[in-house]
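Asker: These are the residues of each chain, in order.
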Amino acid sequence: MKFTGSEIVAEILLEHGVDTVFGYPGGSALNLYDALYEYRDQIRHILSAHEQGAAHAADGYARATGKTGVVFATSGPGATNLVTGIATAYMDSIPMVAITANVPNNLVGRDAFQEVYITGVTLPVTKHNFFVNKIEDLPGALNDAFRIASSGRKGPVLVDITKDVTGAQMDYKSTKMPEEPKIPAEINKKEIKNIAELINKSRKPVVYFGGGTGAAKAGDNLKDFLAKGDIPAAHTIMASGVLCADDPHNIGLIGMHGSIASNKAVDSADLLLAIGTRFSDRVALNPKKFAKKAVKIQIDIDKSEINKNVVVDHSMVCDANDFLFTLIPMIEKKKRTDWMNEVIEMKKVTGDVKSSDAEMHPSEIIGSVCDMTDKETIYVTDVGQHQMWAAQYLKHDKTENFITSGGLGTMGFGYGAAIGAQIGCPEKRVIHFTGDGSFHMNLNEACTAVSQNLPIITIIMNNSVLGMVYQWQTSFYGKRFSATAPERKTDFVKLAEGFGLKGFRAKTLDEFREAFSKAMKEDGPVWIECIIGREERVLPMIPSGGTVEDMIIG
Amino acid sequence: MALKKEVISIFVDNQSGVLARVVSLFGRRGFNIDSLTVSATNDPDISRITIVFKGDELSLAQIISQTDKLEVVRDIFTLEKEGSLFRELLLLKVKADKDERAAIREIVEIYRGKIIDLSKESMIIEITGAPEKIDGMMNMLDCYEIVEVCRTGITAIERGWQEKENKND
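Going down the list, the protein sequences come from chains F and A.
Heads up, this note's numbering is the position in the first sequence plus 1207, with the first residue counted as 1.
Heads up, this note's numbering is the position in the second sequence plus 44, with the first residue counted as 1.
Where hints are given, some of them may not hold.
Below are the DSS-like pairs computed for lysine-lysine, each with C-alpha atoms no more than 27 Å apart in a straight line [what the hints assert, rightly or not]: (1) 1397(F) x 1209(F); (2) 1435(F) x 1554(F); (3) 1605(F) x 1582(F); (4) 48(A) x 1274(F); (5) 1582(F) x 1500(F); (6) 48(A) x 177(A); (7) 1411(F) x 1341(F); (8) 1510(F) x 177(A); (9) 1396(F) x 113(A); (10) 1430(F) x 1341(F); (11) 139(A) x 125(A); (12) 1541(F) x 1555(F); (13) 49(A) x 1495(F); (14) 1495(F) x 98(A); (15) 98(A) x 1510(F); (16) 49(A) x 1499(F); (17) 1635(F) x 1602(F); (18) 1380(F) x 1397(F); (19) 1341(F) x 1209(F); (20) 1408(F) x 1397(F); (21) 1686(F) x 1701(F); (22) 1397(F) x 1582(F); (23) 1408(F) x 1274(F); (24) 1408(F) x 1541(F); (25) 125(A) x 1701(F); (26) 49(A) x 1397(F); (27) 98(A) x 48(A); (28) 1430(F) x 1408(F); (29) 1495(F) x 177(A); (30) 113(A) x 1424(F); (31) 1396(F) x 1496(F); (32) 1396(F) x 1495(F); (33) 1380(F) x 1396(F); (34) 1411(F) x 1495(F); (35) 1341(F) x 113(A); (36) 1495(F) x 48(A); (37) 1709(F) x 1430(F); (38) 1540(F) x 1408(F).
Simulated from the structure, these hints should not be mistaken for lab results.
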């Protein structure tokens, strides 16, 4: 049967189980969008305000559902507007397929209207990309894109299709993709035995786990392993919720704004087992002194992560869950009472986190949200102080329920990602934490939340400064507040009304709780602006390049 | 750690944009390329890239595993000096009047090069061989006025039959 290129795109989406896409139309994408009209009963298209929002939505959808997110855009500016969203997904290893239309092949390379060499632009921020200017290459490219995006270390793939290909016709037979059974990879028994022996011999082991454990769904095996060996474990922001917040072996976030216990335990450890993580500069702030007393073991699915940032003593390249599954039987069941007690003592050290005389502290806002929401709630953040507070104070129980831009640190990520998460999980409630800085970047997506009637509650922590940079300027630049106190006059309540949604403002915790309980009863989007102090800092903090000795506690 | 010169052989899909993918990766990861050659292979679907790279053991392992992740890369390995042949081609234009001609010709002959162009003021020398041999000849020609130099960079291949079989498994 003859299909157009655009129909083939739709057919292949269906073959891969895609029923929802995000995007924005345009001249070069007209054929693609015509096919989306034809397939509208099977594929739901969510129109964003801006392509960046669509890309973040596809990303948030992928993080919340575990499926590959799909985003469409037209050529030129449509495609370039995706770039930040693609780069965000790339840094956090999120499976995404971006489909862009380009100008017709006879105009390619001639600086045609809305022409951009998007495969060149996205080369460093995709796992792979395809430029398709022959219809016979289209099915292969699309199928490869889905395979690459969701296999091994996941990530975004872009397929750029010239407009003539989207309109051309070809014989095509749609075939349902056979589900590829996941076969546990062969694990090197000798190596893992050696690692198990090192762990069994260790007096003060610490596990440090990252996003790879979430991607591999290794939470249950991790929990069993830690319980069997009685080993404390610190996590990166990407692994928030892989292990329940109240698990006795969970000692919290590690790194720049990590818990005192996590950073101290890693510093005192005689063995560090890093699983699915890359010793990023926000964790191993000083790579030469990180876990300096420990024998370091690194497990990662991506070989190029081994020894990239911190040189380790032992390593294995494999899936985190396969590793733990094989490791557990080799681990001696024992109590490490002395070591656990030492770590528990570290947990008791706290500083004074309040730095301003504002009526409510962000920790209280987040605490109230935790009290008033259930375990199935999805929390999405933007980037900055509020993000770190959310990472520190939320009770994380499921990794797919905490969505944040960890690697790229994309301000403006939150609203789009929240929309994607809410579309993907209509049965769950999505709470979007943002700051006045991040929110101003992409709050235009409010129109998407309204048109889709998504019950996302946006909590804007308004300190009227660009808080994280303001904090650094306070601590390290002698309070020279360069471009961080913008004196904006935005009235978020009126702005919310302008977009056609409800807005509240809260200056006290009581006002916040009242607004939040009203918001929970709404079935459309709501904003709650919370006035917080501009002197509020994210603590504890270890400055860039520092060690646990440089920790600012309060 | 000591810097070492390494010759890396990369088999890649023969399609447009492949070289850009490899070179861009080296660039953005901060690895310097000393020389690079791309050539056809006996399989029309596959090209061979030979890169000479200077770095320590860790950065070599890092760039190999990073490059190996590229979808277009079929195989990648380093070529050890003992088991491999390295060759380069040099074209060199040197100023040579009638008094200098004979002496230069003598050097070229010792290195088994060829003089492929001659004018009243200059000559062009062609030589192929291992990089050390080419360096050696250039060293000998140092006292003459070299006008232009063009070196291809190393292309390399492993000796023997068995080893190549293993590499392509």
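Asker: Under the criterion that the straight-line Cα-Cα distance not exceed 27 Å, is the pair residue 1380(F), residue 1397(F) satisfied?
Answerer: Violated - the C-alpha atoms of residue 1397(F) and residue 1380(F) are around 47 Å apart, more than 27 Å.
Asker: Please work out if residue 98(A) and residue 1510(F) have their alpha carbons no farther apart than 27 Å.
Answerer: Holds. Residue 98(A) to residue 1510(F) sits at ~21 Å (cutoff 27 Å).
Asker: Please work out if residue 113(A) and residue 1424(F) have their alpha carbons no farther apart than 27 Å.
Answerer: 23 Å, holds
Asker: Taking 27 Å as the top limit, are the C-alpha atoms of residue 1396(F) and residue 1496(F) close enough?
Answerer: 31 Å, violated
Asker: Measure nothing beyond the straight line between the CA atoms of residue 1510(F) and residue 177(A); if it is 27 Å or shorter, mark the hint as holding.
Answerer: 37 Å, violated
Asker: Holds or violated: residue 125(A) with residue 1701(F), Cα cutoff 27 Å?
Answerer: 72 Å, violated
Asker: Residue 1540(F) and residue 1408(F) were given as a pair; does the straight-line alpha-carbon distance stay at or below 27 Å?
Answerer: 12 Å, holds
Asker: Check the hint pairing residue 1411(F) with residue 1495(F) against an upper bound of 27 Å on the C-alpha distance.
Answerer: 20 Å, holds
Asker: Would you mind confirming whether the straight-line C-alpha gap from residue 1397(F) to residue 1209(F) stays at or under 27 Å?
Answerer: 54 Å, violated
Asker: Check the hint pairing residue 1435(F) with residue 1554(F) against an upper bound of 27 Å on the C-alpha distance.
Answerer: Within the cut-off at roughly 21 Å; holds.
Asker: Check whether the Cα positions of residue 1341(F) and residue 1209(F) lie no farther apart than 27 Å.
Answerer: Holds: residue 1341(F) and residue 1209(F) sit about 16 Å apart, inside 27 Å.
Asker: Does residue 1396(F) lie within 27 Å of residue 1380(F) when you go C-alpha to C-alpha?
Answerer: 44 Å, violated
Comparing the model with each earlier hint shows violations of hints 1, 4, 5, 7, 8, 10, 11, 16, 18, 21, 22, 23, 25, 26, 29, 31, 32, 33, 37; every other hint is respected.
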